[in-house]
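Build out the structure end to end from the sequences listed, making use of the hints.
What follows is each chain in one-letter form.
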Amino acid sequence: MTILEDRPSNPAAGDHDRPIGHGRMQRKEDPRFVRGKGHYVDDIVLPGMLHGAILRAPVAHARLVSIDTTEALAHPKVLAVITGSDLQALGLAWAPTLSMDVQAVLVTDKVRFQGQEVAFVVAEDRYAARDALELIQVEYDVLAPVVDARKAMDPDAPVIRDDLEGRTDNHIFDWEAGNKAETDAVFASADVVVKQEIVYPRVHPAPMETCGAVADFDPIEGRLTLYETTQAPHAHRTLFAIVSGIPEHKIRVVSPDIGGGFGNKVGIYPGYILAVVGSIVTGKPVKWVEDRSENLMSTSFARDYIMQGEIAATKDGKILALRTSVLADHGAFNATAQPTKYPAGFFHIFTGSYDLAAAHCTVTGVYTNKAPGGVAYACSFRVTEAVYLVERMVDILARKLEMDPAELRLKNFIKKEQFPYPNKTGWEYDSGDYEPTMRLSMKMAGYDELRREQKEKRERGELMGIGISFFTETVGAGPRKDMDILGLGMADGAELRIHPTGKAVVRISVQSQGQGHETTFAQIVAEEIGIPPEDIDVVHGDTDQTPFGLGTYGSRSTPVSGAAVALVARKVREKARFIAAAMLETRPEDLEWEKGRWFVKGDPSVGKTMAEIAMGAHGTVALPEGIDGNLDAEVTYDPPNLTFPFGAYICVVDVDPGTGHVKVRRFIAVDDCGTRINPMIIEGQIHGGLTDGVGMALMEIIEFDAEGNCLGGSFMDYLIPTAMEVPDWETGFTVTPSPHHPIGAKGVGESATVGSPPAVVNAVVDALAPFGVVHMDMPCTPARVWEAMQGRTRPPV
Amino acid sequence: MQIPAPFDYVRASSVDNALALLDRHGPESRVVAGGHSLLPMMKLRLARPDWLIDINDLYELDYLLVDGPVLRIGAMTRHTTLLESDDVRRLFPIITDAERVIADPIVRNRGTIGGSLCQADPAEDLSTVCHVLEAVAVVRGPNGERMLSMADFHRGPYETAVAQNELLIEVRIPIRARSASAYEKVERRVGDWAVAAAGASVTLAAVGTISHVAVGLTAVGLDRNVTEVEAVLVGQAPGEELFALAGRLAALACDPLADQRGPIDYKRHLADELTRRVLRVACSRAAASVFDLTLQEG
Ligand SMILES: Cc1cc2nc3c(=O)[nH]c(=O)nc-3n(C[C@H](O)[C@H](O)[C@H](O)COP(=O)(O)OP(=O)(O)OC[C@H]3O[C@@H](n4cnc5c(N)ncnc54)[C@H](O)[C@@H]3O)c2cc1C
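Those protein sequences? They're chains S and U, same order as listed. Residue numbers for the first sequence follow my numbering, beginning at 1 and rising by one. Residue numbers for the second sequence follow my numbering, beginning at 798 and rising by one.
Once the Cα atoms are required to be at most 20 Å apart in a straight line, the calculated EDC-like pairs of lysine to aspartate or glutamate come out as:
1. U:Lys840 to S:Asp717
2. U:Lys840 to S:Asp125
3. S:Lys341 to S:Glu176
The set of hints was computed from the structure by calculation and includes no laboratory data. These numbers come from a predicted model, not from an experiment.
This is the structure in structure tokens:
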């Protein structure tokens, strides 16, 4: 890494010589992780606990003829075998999805994707449960599957969702944003128009920890405790209450340490519900943890967008308009997780970082016989697809205009003075200053020198490519007037208590899956009230312990919960002022704040520290009217807008002309996420996201054969990158605070995953320019690159 | 956690004990060496032995020794040992080249040459290497030892001449003067199995012409050396045109299948491209070693 911010000697010190609060600080949660003391769902062992296993469909589309569970039930260690018809009797065979569809918990009528849940065995141990699956006899009547989304709307395509009343086709939704007539008019009169089909293939978040649950139903109290791998414990509690009929105050959802989520752990999977049913049926706690193949084959995939892109420009390189029509493969059930109003997530941010005259997009969602999902893998609700589209289209335009892609971008950026910037599809970008960020990345890369080197290499027949991506994200969902999930507004709560000795606990509604919440949120509070982060405990992931809120995904924790935490801390600080005034026998307005202490204006020696004030609040100090005897507060934060982080990424690749093998030689990432709370945590997020991006660009894809068999069901087939595939990341930053966020911070968790794939692909396509390659779809595997060199690029699906 | 079907487990204490256990537990018993091929298949329930006979205590089979004109490699020699051996690098750089790209350090620390050859996965690298080096497999069973050429040992994908009640004990590789070798593989990601790979071994005559050559391919449907190239290369001076000719012959000889790693024409192209590359490297290494020899002799 070339750019490293100075590491202050005091581990709790900030970037800017601040005594406490923001700054580079080692993560508070890491001691337990590096010592192997993390506590995950699979580590939970309850007295008398049983184990569940799921029988999954071997085929993609088939009518269920019969299930015979006799032999499985006869297994000496088996306590229950649950089938779709058992659930039907309980009214639990179908569960609502996060997109207002329903999904089968267990198949009752028809199998709709390979790997779908068919039966659930509960046994004394995990081995017996797994063995008993083989004793269940199932007869299927195999049907023709719909595998290719392009054919899903053919008149003779089999109807997948015949469970839905009146369904005669596989259409889910049509959605659009922007102004079609206006856009068409701009296109009609533009000097230059380029078109390209761009496919973002189906990929999978593949978190290190697979999904699982331990359900513990207490029949006497009627109380359900559910330990779950969930990124959204509160939303899950509410949905479980609705689905199961167990009253919400009798449900406690606990999300302990989570081994990676990336959106894979937002939805409610049949396995979770089955664990609950298993516990109710047997009266004992039931653990269910899926294996790797189950995770890859049945849980939420990501992307699967077939996009027809078009970009219009003047001949001297002023970009005028963008339009696209998208075919979205949602699999067998519409189970994507996104705000209700947005069936294509935030895809309409596809105008990117450019000042356009017009833009229009349409998205059509279809059912296919594949696993459900779509919004996952750090995608910021489909911003990934949007950024990929615009950043590829801009590169294709640059090629057409014979302009340098950096120059074309610089020429078309939204200018600093145009912010807040209303784009053509309904967003209001909060803040941005793109040019310095772009210039910094070019400087770090030595851009001109790289282009010179490339020219020389080309003359020698060597293939070197330089790819740029400049992304703008929209993260931090979201304002409750626009955004909800199944009717639940996307606000977050926070509660802060200062104990009498001046130590604090902050309770948040979001749930970390590795993002470092226990550190970042402590630092936010520390910055506001001047108690060191070490003295602030962050409680999260337990619905009985934390205020309501919608969870961690879409890079929303810092924009929403981070704001809630800053505001609750300010509330406590204000309250402390009143108490301090009482203690000092002066008026609150005569006090001045310095980090950690209220003191008398003009007489800094007279003051009270937060610890003294906390003791006072809980002690015997006579409190002013309206101030009660504690130093606690709570808030629920409804964000006024989303935040719009951005960044400039430059990737350098070398392609072996004989084998098509791509080597990522360098990657420069300059991120602007506004105020940087803990730069080290930010870098960690960036490093992870860049690695994801290289993986997607070069190797990751969930493929299916013509019968609908999933070809990506293990890590032998679904490749994810290792340290060997990635270079030493070169990171840098600029800071453009969000004007509406209390501390100016923007989300950053997904920036690199969103922004890096186009940089890598742009670099590969650039390397292949001597072969006349204008576009190639991911993944850029050696075989696909070689085919592109032969003039035979082909879409991956 | 991926869970195999039920099985019983026993640790063998010696080669004879392992053979006795195989005999006792019959056709549904399997030995487990590094376990990096067998255990994944068991976890996917593609392999379901009733008995696993663990041969990891058979340290007597974990050795590498230069014994006159042969290098003897015990069947339980781990990939890592092969990768790190100076003798191996000096005598058979093809093994070092191959080991560098077999799986990852974790797999290499456990996986064995014996397990690799007995697994005979079509994308397995050491089978090609042993074919190219004209290795001999020493197999022991209830009736004593047999010596098999690779052609007799390796019968095809997942199939070898080792019977259920036998063990592969040792691999013997003949050491040739004025020789060198090389291996190159194309993979989608480090640690992935080969899309295609090629290996070559070359012996140079004093005049600098090729006196002996063997070329082998991995993962492209050819379970033998590309014998077609021998006839055209032997007696010739190494050079790009010759390598190109060999590459074309290799591409014609192989019979790849299309899969997620690539289409047939690409794999054929790789057979060609990689054959040229390994011949180029092997010849230049051989030339350098000849030069070394002259220096020493001088
Ligand atoms: C992630 C991963 C990636 C890999 N990538 C590669 C790769 O790129 N290239 C490659 O070549 N290999 C690769 N492998 C395979 C690896 O090299 C294995 O270790 C090797 O193929 C088998 O060796 P083992 O000792 O683990 O054998 P085991 O799994 O223990 O045994 C394999 C088979 O051989 C039999 N067997 C073992 N030893 C003997 C013996 N002495 N006599 C008779 N039968 C015996 C066993 O009964 C079993 O049937 C990979 C493996 C993994 C897990």
